[in-house]
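Chains as they are written, first to last, in our numbering: chain A, 1 to 244; chain B, 1 to 244; chain C, 1 to 244; chain D, 1 to 244.
Simulated from the structure, these hints should not be mistaken for lab results. There may be inaccurate statements among the hints.
Which copy? The list can't say, so a pair holds if one copy fits it or any two copies do.
Distance condition first, Cα-Cα at most 20 Å in a straight line; then the derived PhoX-like pairs of lysine-lysine [as the list claims (entries may be wrong)]: (1) K215 with K90; (2) K117 with K215; (3) K205 with K215; (4) K107 with K58; (5) K58 with K215; (6) K58 with K90; (7) K107 with K215; (8) K107 with K117; (9) K44 with K215; (10) K205 with K233; (11) K205 with K44; (12) K233 with K215.
Number of protein chains: 4
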Amino acid sequence: MRIARIPVVVGVSNAGTANLATLSAAAMDAGAAGVMVAPSQGLKTEAQIVAYYDEVIKTLGTSVPVVYQDYPQATSVNISIECLLRLIDKHPSLVMLKHEDCPGLRKLTQVRTECAKPEHRRISILVGNGGLYLPQELQRGADGAMTGFAFPEMLVRVCRMHAAGHGRAAEDIFDAYLPLVRHEAQPGIGIAIRKEILRRRGAIKTAAVRRPGPKLDSTDMRELDVLLARLEKRLAANDQIAAE
Amino acid sequence: MRIARIPVVVGVSNAGTANLATLSAAAMDAGAAGVMVAPSQGLKTEAQIVAYYDEVIKTLGTSVPVVYQDYPQATSVNISIECLLRLIDKHPSLVMLKHEDCPGLRKLTQVRTECAKPEHRRISILVGNGGLYLPQELQRGADGAMTGFAFPEMLVRVCRMHAAGHGRAAEDIFDAYLPLVRHEAQPGIGIAIRKEILRRRGAIKTAAVRRPGPKLDSTDMRELDVLLARLEKRLAANDQIAAE
Amino acid sequence: MRIARIPVVVGVSNAGTANLATLSAAAMDAGAAGVMVAPSQGLKTEAQIVAYYDEVIKTLGTSVPVVYQDYPQATSVNISIECLLRLIDKHPSLVMLKHEDCPGLRKLTQVRTECAKPEHRRISILVGNGGLYLPQELQRGADGAMTGFAFPEMLVRVCRMHAAGHGRAAEDIFDAYLPLVRHEAQPGIGIAIRKEILRRRGAIKTAAVRRPGPKLDSTDMRELDVLLARLEKRLAANDQIAAE
Amino acid sequence: MRIARIPVVVGVSNAGTANLATLSAAAMDAGAAGVMVAPSQGLKTEAQIVAYYDEVIKTLGTSVPVVYQDYPQATSVNISIECLLRLIDKHPSLVMLKHEDCPGLRKLTQVRTECAKPEHRRISILVGNGGLYLPQELQRGADGAMTGFAFPEMLVRVCRMHAAGHGRAAEDIFDAYLPLVRHEAQPGIGIAIRKEILRRRGAIKTAAVRRPGPKLDSTDMRELDVLLARLEKRLAANDQIAAE
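Take the sequences, apply the hints, and build the full model.
Take a look at the structure:
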């Protein structure tokens with residue numbers, strides 16, 4: 001089996017810079033390709049965001065590749081395009097944006113457009129949020145996804161097909177899965193749904209979520225049965241259309 | 001033209017009971033079928049929620065049908081099943097739940113199950129949140145939808161087909177629209193997308209959103225073109241399958 | 001009676017620019033000295049804050065004096081010094097800051113320091129938050145207070161004495177009232193406390209707070225009796241010391 | 001030196017019950033008198049709060065004394081009197097309330113009143129929030145304080161004097177410190193102020209706050225000098241009055 005070439009980015013977000021540095025060192029020692037850092041909750045202004053990443057990157061050293069996680073729904077920290085560009089210009093080790101702002105499609109376009117200008121530089125953009133807007137995000141310049149979904153092969157396939165110029169077919173596949181993408185995107189219970197599907201697929205042994213997390217009841221289970229049966233049927237129909 | 005028979009429920013939510021009563025009186029005088037009241041922001045406990053609705057309903061009088069809007073994402077007020085049942089038991093004029101909690105599927109099932117018991121009574125449940133989970137909600141006992149979407153005829157058709165026992169076909173139709181349902185569900189920009197579609201369909205003259213609201217740019221417009229073309233194609237394919 | 005010379009600033013904050021402009025016109029026609037505008041909830045970046053005030057001031061016209069209300073606890077909008085200076089530089093009609101950020105003492109110093117530089121210009125700074133940090137704020141350059149307290153004559157006296165160079169004595173007076181300032185600063189119930197004191201002082205006829213607002217119970221009343229008696233005793237002691 | 005008899009309660013709040021149990025076992029093994037558990041963020045209804053503590057206490061075992069930390073400003077979980085009483089009735093090992101709700105004075109009175117009824121049982125109540133309302137809280141039935149302040153001897157003295165029936169004199173002492181209590185109560189910078197005072201008093205060697213925490217600048221330092229000098233003067237004046 002050859003899986004060694006898949007780069008792994010480790011989330012090390014922590015309010016305290018010292019802890020963040022310790023976690024990062026451990027991750028990099030273990031072979032991580034880089035670390036992902038969300039802005040610490042409580043940062044209120046662009047100057048504070050810049051100061052925070054200045055300190056984080058100074059502490060990590062410039063040889064550790066850093067991903068900026070832009071997830072204001074969780075962090076309550078909003079970064080503007082202008083501020084993100086300041087960080088990119090200042091810190092060569094900031095090499096990727098994990099894009100999870102919502103609504104975020106225009107922001108993605110703007111980051112991509114600005115970074116293409118000679119005064120800035122290109123960074124990678126991977127999207128999160130369960131991939132709920134993946135086709136639109138790829139069309140606007142995202143490089144891929146870095147998110148949870150019970151059928152990761154769909155994410156891979158959609159990204160590859162898009163990269164190969166088959167955007168429409170990629171979106172057809174995505175749309176077939178969309179009812180489940182949406183179902184998993186429910187806050188809280190979504191993680192239990194994802195784990196249950198992964199369990200049914202044999203990827204994990206138990207669907208248990210860390211206590212006191214959510215548990216699926218019998219109604220949730222029957223609902224999931226229906227959604228999975230519908231997915232199978234639709235994928236079969238898609239294949240038939242492709243074969244015709 | 002006969003449109004008079006469509007009942008209209010008017011949202012009159014207001015932190016102050018006096019304003020709420022004035023708005024309600026105006027709405028009922030104008031022919032409203034009832035009023036919708038969300039719990040006032042700042043209510044923190046079940047006892048406070050009950051006291052608030054006690055006062056509201058005392059002020060309105062018991063002849064005004066009241067809808068409880070359960071939308072904690074906007075109000076920051078969470079109501080439990082137990083508390084909702086207390087309100088239903090106490091106030092016969094509370095006749096409907098607008099269900100918008102998320103995750104909320106299990107809550108919907110629980111309200112429906114509890115209200116079917118002899119010690120309580122049935123209330124109507126209409127769902128919101130742009131209809132993102134409409135098929136699942138109908139299957140769990142919702143009576144219909146009361147929400148915004150640029151193709152309201154889809155919501156009507158899905159509800160009618162479900163009521164007629166054609167749940168699978170209803171969900172097929174829903175799924176065809178799901179990419180757009182999801183697209184409109186984006187916070188902020190979603191309202192501008194909905195208005196632009198309604199404008200294109202001839203339902204409204206201008207897509208302008210109240211300043212300083214969002215505006216679609218040329219990228220947003222092209223993206224919408226693609227999504228609408230895909231919808232048309234898929235609806236045609238659905239019709240063909242149905243015809244075969 | 002001559003009260004005409006007291007300038008009145010009217011709060012006209014509204015998410016919609018059109019409503020805001022209508023309210024402002026009514027206020028200015030009625031003799032207001034200016035209008036106070038808080039940033040609309042939902043503004044997330046400095047560019048958005050600047051764009052919002054650009055539009056507001058364009059709509060109001062440059063002859064209407066504008067106060068920026070910096071109250072992130074209520075608006076969830078945080079403005080940096082840099083962004084505030086951009087607004088001040090761009091808009092001559094922005095003439096005052098209502099300072100209510102907390103912690104906010106350093107911010108006040110920074111605004112005062114930056115505005116004293118030749119590339120910017122002086123603006124007035126009045127403080128809010130019930131005056132809880134008034135002496136410190138005056139020492140850091142605030143021009144006065146614009147806030148609610150049941151003994152407004154204390155606010156006036158402290159500001160005047162500070163302006164006259166008697167900062168220590170001003171703080172002695174403030175400290176005598178501090179237990180009540182703190183008591184009124186309680187969220188929610190504070191407004192009922194303030195109205196009850198104003199009623200006891202004969203300033204208003206009823207202490208009723210708009211329904212469903214808070215009401216003082218008998219324990220609250222007795223507690224207030226004690227706090228007011230303590231204030232009286234302490235003011236008498238202060239006067240005695242001053243007389244010695 | 002004899003300090004062994006001071007009971008120590010260790011905060012072990014954690015969203016995951018398994019981690020919470022591990023931390024508790026470590027704390028109890030190290031000699032803790034009990035553990036303090038705040039409700040996990042995301043609990044939305046009273047039924048969920050009860051279920052959470054049911055699980056926590058089942059996991060800890062009934063021999064570990066538990067403190068309920070009621071601090072909705074940080075947890076976003078509001079507990080009603082009714083719900084707290086349910087927990088107290090159900091779980092004999094729940095022996096203390098750390099009271100930090102704000103506004104919270106009436107709640108304190110209600111808990112104390114209800115717990116005095118024969119159908120419930122007495123629990124200890126210690127107050128937090130930096131002691132900002134300590135005299136009022138003691139008068140309403142609190143047993144003491146469990147909070148941070150740079151002069152802990154004031155908290156001890158005020159509680160002891162109140163318990164000895166000298167409530168007025170206790171409040172005189174408290175009021176002398178109130179300008180500093182309020183100064184330390186500033187969010188964020190408050191912890192840096194407290195550490196700087198503790199450093200000046202010789203209690204700690206450095207006032208450094210964990211990065212990227214706040215640091216006092218020279219203006220903050222001068223302001224603190226003035227506040228501390230005023231405190232000293234006022235304590236001296238109090239002593240003189242007491243001596244007369």
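The hints, checked one at a time:
1. K215 with K90: neither (45 Å within a copy, 24 Å between copies)
2. K117 with K215: Neither way: K117 and K215 sit 49 Å apart in one copy and 25 Å across, limit 20 Å.
3. K205 with K215: within (15 Å within a copy, 48 Å between copies)
4. K107 with K58: The answer is neither: 27 Å in one copy and 26 Å across copies each exceed 20 Å.
5. K58 with K215: Classified as between: cross-chain Cα gap 19 Å, same-chain 43 Å, threshold 20 Å.
6. K58 with K90: within (12 Å within a copy, 35 Å between copies)
7. K107 with K215: between (36 Å within a copy, 14 Å between copies)
8. K107 with K117: within (16 Å within a copy, 35 Å between copies)
9. K44 with K215: Between copies only: 16 Å across chains, 36 Å inside a chain, cut-off 20 Å.
10. K205 with K233: neither (26 Å within a copy, 41 Å between copies)
11. K205 with K44: Intra 42 Å, inter 30 Å, cutoff 20 Å: neither.
12. K233 with K215: neither (27 Å within a copy, 39 Å between copies)
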